[in-house]
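Now for the letters of each chain:
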Amino acid sequence: MKTTLVLALTLGTLFHAFAATTPESAKIDTILAKDYAKLKLQPNPASSDEAFVRRIYLDVVGRIPSIPEAQAFLASTDANKRAALIDQLLASDGYASHFFNYWADVLRLQTDTKGKLTGEAYAQWLKDALKKNQPFDGLVRELVTTDGAAWDSGAIGFYMRDQGMPLDHLAATVQIFLGTQIVCAQCHNHPFDKWTQMDYYHMASYTYGVNAKSYGVELAGMVKKPKGGKDRKKMSSEEREKAAAQQAIMKEISEPLKDVMKSLRYTNIKETDALPKLPHDYKYPDAKPLETVQPRTLFGHDAIPAVGESRTDAFAKWMTSPDNARFTIVVANRLWKQAMGLALIEPLDEMTDSTVPSNPELMDYLVQVMQDKKYDMKAYLRVIYNSDTYQRAATTTGPALGERYAFTGPLLRRMTSEQVWDSMVTLLTGNPDDGIGSRGDAIENRLSTLEKLYDTLASKTPEDLVAAVRASSIGDKKGTEAKANQLRKDLVAAREAKKDDEVKRLSKELKELQGAQQKGSFLAILGEDLARELRRGGGDVPKNAAKKVSITKPGGKEQMREEMKKLQAQGLDKAAMQKKIAEFKAQAAALRKAKDNLPTLTRASEAGSPAPRGHLLRLFGQSDRETIENASSEATVPQALGLLNGSMADAIFSPGSHFREEVHNASTHDQATQIYLGLLSRHPTADESKLIASIQAERGDKAMSDLVRALLNTSQFLFVQ
Amino acid sequence: MNTLLKADDFSRRQFVTGLAKTCLGVTVLPSILSNTAHAAFEGSSKLKQVPTAKNVIYLYMSGGMSHLDTFDPHAGTDESGPTKAISTNADGLQISEYLPSLAKHGKKLAIVRSLSSTQGAHDQGNYFMHTSYTQRSTLRHPSMGAWLTKFQGRSNPSLPSSVVVSGSSKHPGSGFFEAAVSPLSINNPSQGLQNSKRLGSLSEDDFNYQLNLAGKLDQGFREHFNYDGVKAYGDVYKDAVKIMNSADLAAFDLSKESAAAHEAYGSESFGQGCLLARRLVEHGVRFVEVGLGSWDTHNENFVRVPENCQQLDQAMSALLSDLESRGLLEETLVVLTTEFGRTPKINQNEGRDHYPKAFSSVLAGGGIRGGQVYGKTDKGREVIEGKITPPDFNATIGYALGLPLDQVIFSPSKRPFTVCDKGQPLVQLFG
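Protein sequences, first through last, are from chains A and B.
All residue numbers for the first sequence refer to my numbering, where the first residue is 1 and numbers rise by one.
All residue numbers for the second sequence refer to my numbering, where the first residue is 1 and numbers rise by one.
Don't read these hints as lab results, they were simulated from the structure.
Don't take every hint at face value.
[Stated by the list, open to error] Computed cross-link-like contacts, EDC-like style, restricted to lysine to aspartate or glutamate with a CA-CA straight-line distance of at most 16 Å:
#	chain 1	residue 1	chain 2	residue 2
1	B	84	A	496
2	A	508	B	307
3	B	414	A	239
4	A	499	B	307
5	A	224	A	239
6	A	511	B	123
Here the structure is a predicted model, which is why all the values come from computation and not from measurement.
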C-alpha cells in the first residue's frame, strides 16, 4: 500500500510537474495527449520556474515581474507555488490593465475622439467590468442594450464609437462576438459565404434604432417645431403659436446656447424605433430599393422582442444564448489564444458553416468549460494556466503556414506593445500597478458636472433663458459687436500697412473679446458655480488626471553624494571622481530632458487609447483602434532605433531608475545576477557568467551598463517564452 | 486580422498573397507590376501614361481651408467678405490677396476650383481626401503614399518611401497593407528622424561594443527558437545600424540647410516641414506629406485665414522656387489640398462653417501645365463647371505617377480596392 502511494506520487511528479492542477486542466491535457499519441509527437518538456514566472506575469498582468517578485517565486519551495501565483495575479489590478489592452484592441475603443469624455467613460467602464470580473455574456448584453447618458453608463461608448455608421457597427459587432464576417454583404450578397445583402439588413435592424447622434437637451416647456405639414396639422393652434414664438426668441439665445451645449455633444444615445431602408441601388429580386427592413437573425432561433423588451434586448439575449454556439466558441478561442499564442480556429473571427477547429474535441471541451464557469473569464483562464499544456516550455519552431498545430506547448510570442511599455515602466518605477484606474475619479467628476449641466438646461424654459441672457452683460450685444467691428477694421488697415506687430496685437484682442463673450454666455445661462466648473475643463478629462508614477527625482544632490561616497570607498582618485561627477551631471540632465519627452510613466492602459502617434507604444505596433484587433508585432526599424537610442530605453539604467538602484545596491559580485533577474527573470547560465566575467575584465565600470543595454536589445527581452 | 498571422509566422503581405492565390485565383504583388493583363475594376479609370512625376509633396491644410479666401476669390461680392483678389504672373489668373508670394508663381500653378465632397465632418473628410474611400469602421484604406510604395517600391532602400510630417494622428497610413509600407511619421521636422542618433553619453566604441555583446548574448536564444519573428529582429537591427551610419540620414537633418534657406521657408513648423520635404525628395523619398492646421475658421475667418496664409504663402513659394532652381520641379508634383471648403455665407461670428459642396486645391510641377484654372463656382457656392470628387483629384495624382488606376488589390477581408476607387484623372491638366 505504502509503496503504491510513493510510486503514485513519483509518477505524479513526473507527469504533473506542477502539483495543483484543476480537474478541467487535466482534461485539457488528456485530450491533447491523445493527439500527441496519434501524431507520434512528444509534448514539450515542462517549463523552468524562470520561464514560467516571466510568462505568467506577462500573460496575466501584462508586464515582467520586478526583481523581488521574480526572486520570491524562484526561492519558494511551496509545491503549490505556480497555482498560488496564478490566483494572486488573476486577483490583482494588473489583470484588468492587461486585459483592457486586449479588449480595447478588439472593440476598437478610442478615448481621443469626438465625445472624448464618452470615450474615457467607456474605457473606465471596461476596466471596471474586468476588475469586478463581470461574466462575459453579461458584459456583452450590457454593451448591446446600453442606452442613456455617459454619466449613467460608460457602455454607451460602444455605440458612440461608430456614431453615424450603424451598419458598420453591426458588422463589427457580429465579427467580434459571433466570429462571423458579413461586412461584404453590406453592399452586395457575400461572394464567399452564404449571407445575402437582405440578411445583413435584417440583422442591422436590431441595432439600427440606437441613435448615437442626439446631444441636444430638450428645454422645459418646449413645444417641438413641426416637421412638415402633417406635423403641423396635428398641433392645436395654441401650440402652433407657442412654437412659433419660442422659435423666434430662441434665435436670440442660439449663439450663447450653442457654446454652452457644446460639451454635451456625443454624451447621449437613445434607442428609437427607426428601421434601416435598403440602399437606392438594391439589385436583388426579393425586395425593392429603399424598402424598410424588419429584424431577423442570421442563424439559430429568431429573436422577437417580448412585451416590454426593446429590439436590442432581444438581440442581446439571442446573441449570448447558449444555443448560439458561435458566441461561446469565439470567446473560448480568444482567451485560449491569449494564453497559447494560437486559436483552435484561425482566423477566430471568420467562421463559416464548414469551419472545423484544429482539435474539435478540445474545442467542444473549452466551450463546455466556458459555459460551466458561467462565462467567468478569470475562472476559465485559471483552468488553462493550470494545465500542463500551458506550463510546458515554448515550442521551438514556429508552425508553418497552413500546418495544423497540435499544441505541444505554448508558442513563442513577441510581447505586445503594451507589454513592452509596461515592462519598461516596471523597471523604471518598480511599482507599476500603482495608478491603475486612478483616472476614474477625474472622469467621474467631469461626468457629474455634465450631468448637472444637462439637468440645469432641462429644467429651464426658453423664456427663462432669454430673460437670463438679456439681464446679463452679454445683453449689451450691440456694444460688443461695435467694438469687434472696430477691431476688424483696424486689423484690415494694419495688414494693408504691413504692421505685423499691430496685426498680431489686434487679432489677439479680438480673440479675447470673443472669449469674454463666450464666458458671458456660460455665466448668464448656468450661474457662476456651474459656469466655473464647466469652463475649467469643457467636458474633457485633464491630461494629467492619471496618477503620475514618477521615477526618482533625477540628479538629486543627495543621490549624487551617495554615489560619490560609494566610489570614494572603492578608492577612486580625485581626477577620476571629477570625471564621474561630470558624467553624473550630464546623465542627470539627459534624464531630465528624457523625462520631459517621456509621457507620464503610467501603465499603457492609463495612457489613452490609443497612445498618440510617435509614442513608444505605437512604435511597437499598438493598434490605432481603428479596426478590430489591429495590433501588430512585426519587427520594424524604428523599434530597433527606439531601443538603441531612445530616451525610454536610456532612462532604464540612468540615475533615477528604480532598476538601476536595485542593481547598484547589490554587491559588485551580484550585480549581473540582478540585471538578469530584472530583465529576463532568470539567473545567468554558467556560460553567460563566464562571458560576464570577461566583460568585467575588459570594460571595468562600464561593464554593467553595457550588459543592460545589450540585453535590452536582444530578442530574449522582447519575446515571451 | 488576427495578430498571429501578422506576427511570427508570415507577414500580412504573404497572408494576403496567400489568400488571393488560394481563394480568388488571382495574384497580387509583385507580379502585379508585370505587363500581363489584369481584370480591371468596374468603373475605375483605365487611363495610364508614362509617369510625369516621380515624387509628390502633398501639403495638407487640415480643418478645411476657405476656398473663397485663398484660391477661389470672388472679390466685391457678399460671399467674399473683405477679401480682395490679386493678379498672378499668369494671364488672367487671380488668387487671394493673402497669398502675394504665390502670386509670383502663378505660371506654375494649376488651380482646381471645382472639388466637391460628400463628407462634411473633419475626420471623415480628411479620410476621404487621403484614401478616396469613405470611412468605414470595419476596414482602413491605405493612403496614397502607401499605394505608391506598394506599386513601385522604394527608390532608396535605406529610407522609407513615404513620410508624413506633422500629420494628424489619424492619418490612415498603410491602411490594410502591411506595416512595411506605412509612411514614417515625423512630429517635429526640426528634430528629424526619431532616435536615429547615438546617445550623447555613448561613444561609438561603446555603442558598437554593446551591439556586438547583444549579438553574443542572444545567440543561444536565436538558435533555440526557429521563428520568423525572431529572425526579423536580427534584420531590423542590421537595417537600423545601416540607417544610423547612412549618408542618407542627413536627409532628415535641417541643420545642414543654409540660414538663407531657413529664412526663405520660415521658422514655423510648416515651413520647416516643407524644407524637410524637399531634402527628403532629393534623397529618394517618394511621397512626403506636410500638414498645416488651424483652418477650421468658424470664428474670425478674416483674422485667422490671413494668419494661416502667411505661413502657407511663404513656405509654398519657397518650396516652388527651391524645387525649380534645383531642377526638381519637373519630376516633383506639389499638391495642396484640404478636406472641404467653407461656407460662402459669413456667420455671425465673422466665421465660415464647413462646406464640402465646393472647394479648391492646387497642383504644380510634375508634368502639370501651370497658369491654368480648372472648374468654376458660382461665387463659391455651387460648382458650375467641371465638378470633380476627391477620388478624381487623387486619380490625377496617381495618373501623374503612372499608377495603374484600375488595378485591383484585395484587402485581407477579401474585398477589392483600387488606388482611387472610381476616380477619373484630369488628363487635361498635363502637358
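These are the hints, each one checked on the structure:
1. 84/B - 496/A: Holds, at roughly 11 Å.
2. 508/A - 307/B: Within the cut-off at roughly 12 Å; holds.
3. 414/B - 239/A: violated, 56 Å
4. 499/A - 307/B: holds, 13 Å
5. 224/A - 239/A: holds, 9 Å
6. 511/A - 123/B: violated, 26 Å
Hints 3 and 6 from the earlier list are contradicted by this structure; the remaining hints agree with it.
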